[in-house]
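Take 1 as the starting number for the sequence shown in this note's numbering and just add one per residue.
One or more of the hints may lead you astray.
[Stated by the list, open to error] In silico lysine to aspartate or glutamate, DMTMM-like type, Cα no more than 25 angstroms apart, as pairs: (1) 68 <-> 82; (2) 42 <-> 163; (3) 124 <-> 139; (4) 249 <-> 190; (5) 219 <-> 163; (6) 42 <-> 195.
None of these hints come from the bench; they were simulated from the model. From a predicted model like this one, the values you see are computed outputs, not experimental measurements.
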Amino acid sequence: MASKHHLPVISIQDICIPLKAEVFSIFRHEEQGRASLPQPHKHDFYMLLVVIRGSGTHTIDFTPYPVKAGSVYFLAPGQPHDWELSPGTKGFQLMFGRDFLTGDTLQWPFFSFSANPHLALPPKPFAAVVRELESILEEYAVADFLSVRIITYRLLALLTMLERFYEEAHPTPNQPPVQRLVKQFLSLLEQHYRENATVEFYAAQLHVTPQYLNIVCRKETGNTAGNLIRRRLLLEARRLLTLTTQDVKEIAYELGFSDTSYFSRFFRRYSGQSPLAFRQQFQKVPESPQ
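Given the sequences, and given the hints that come with them, work out the whole structure.
Right, dumping it as structure tokens:
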């Protein structure tokens, strides 16, 4: 069998020298960033792109977002992206590894697969975000034995501030127990979507009925639990079709489909085209020999 060529996974050390063991970095985009990333790639770290000035397009998980001043773009590990930015684009790139913040601190709403990764901010809150980034960049330059601790606290403050602004831009009903249930479901889905694609499995794990899980997910996200499961499978299928040369049969098997024909029908039903048509549309990597 021919070897499968995957898109390279970019690490922080591939971009710049990290602060500590490849887990954190920050720089001004105009000093170290690239205006054009024409080929999609993915990271093994979290990233914020904050645009102070500029224009263009930032494509994240196959969806193009306009680049404009006062915007923040969120990337989680594994999300493919590329961009075309205007000359003179100004802002920040901030990157941190999966282990830089521990525990539940990475359960931020903007890093969820179902979240909108683009946040446009009014001038006053955007200025507050920029001040936090300037403080982090200043401490990053110090790089002494306390810098990691100080940057960790400042990063937590920045992400919490962004969570407030994000929730204001994308408000949800004030029902904390229900929101926690949906967040728990999305976390479980991210762990198990390849081998468990039924609402019944996740409802059992959360000690609720499938009907109740569907109801609360629809209320909180606009989609039933079943739709969210299908969207996650479809997203991963699109990633694999675009970023690897695995054939359709292998992708179907990797995503838990025992029958290639059923996978193809699933993909066509929810994307409007066949897996091969989708791959040919993007033409990022060729189909491997059968």
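Are residue 68 and residue 82 close enough, with their CA atoms no more than 25 angstroms apart? The given pair, whose Cα atoms are some 16 angstroms apart, holds under the 25 angstroms limit.
Residue 249 paired with residue 190 [C-alpha distance capped at 25 angstroms]: At roughly 22 angstroms apart (the allowed maximum being 25 angstroms), residue 190 and residue 249 satisfy the hint.
Satisfaction of hint between residue 139 and residue 124, Cα-Cα up to 25 angstroms: Holds, because 23 angstroms separates the two Cα atoms, which is no more than 25 angstroms.
Would the hint linking residue 42 and residue 163 be met if the CA-CA limit is 25 angstroms? Holds, because 23 angstroms separates the two Cα atoms, which is no more than 25 angstroms.
Satisfaction of hint between residue 163 and residue 219, Cα-Cα up to 25 angstroms: Given pair residue 219, residue 163 holds - Cα atoms ~20 angstroms apart, limit 25 angstroms.
Run the distance test for residue 42 versus residue 195: straight-line Cα separation, threshold 25 angstroms. holds (23 angstroms)
Of the numbered hints given earlier, the model fails none.
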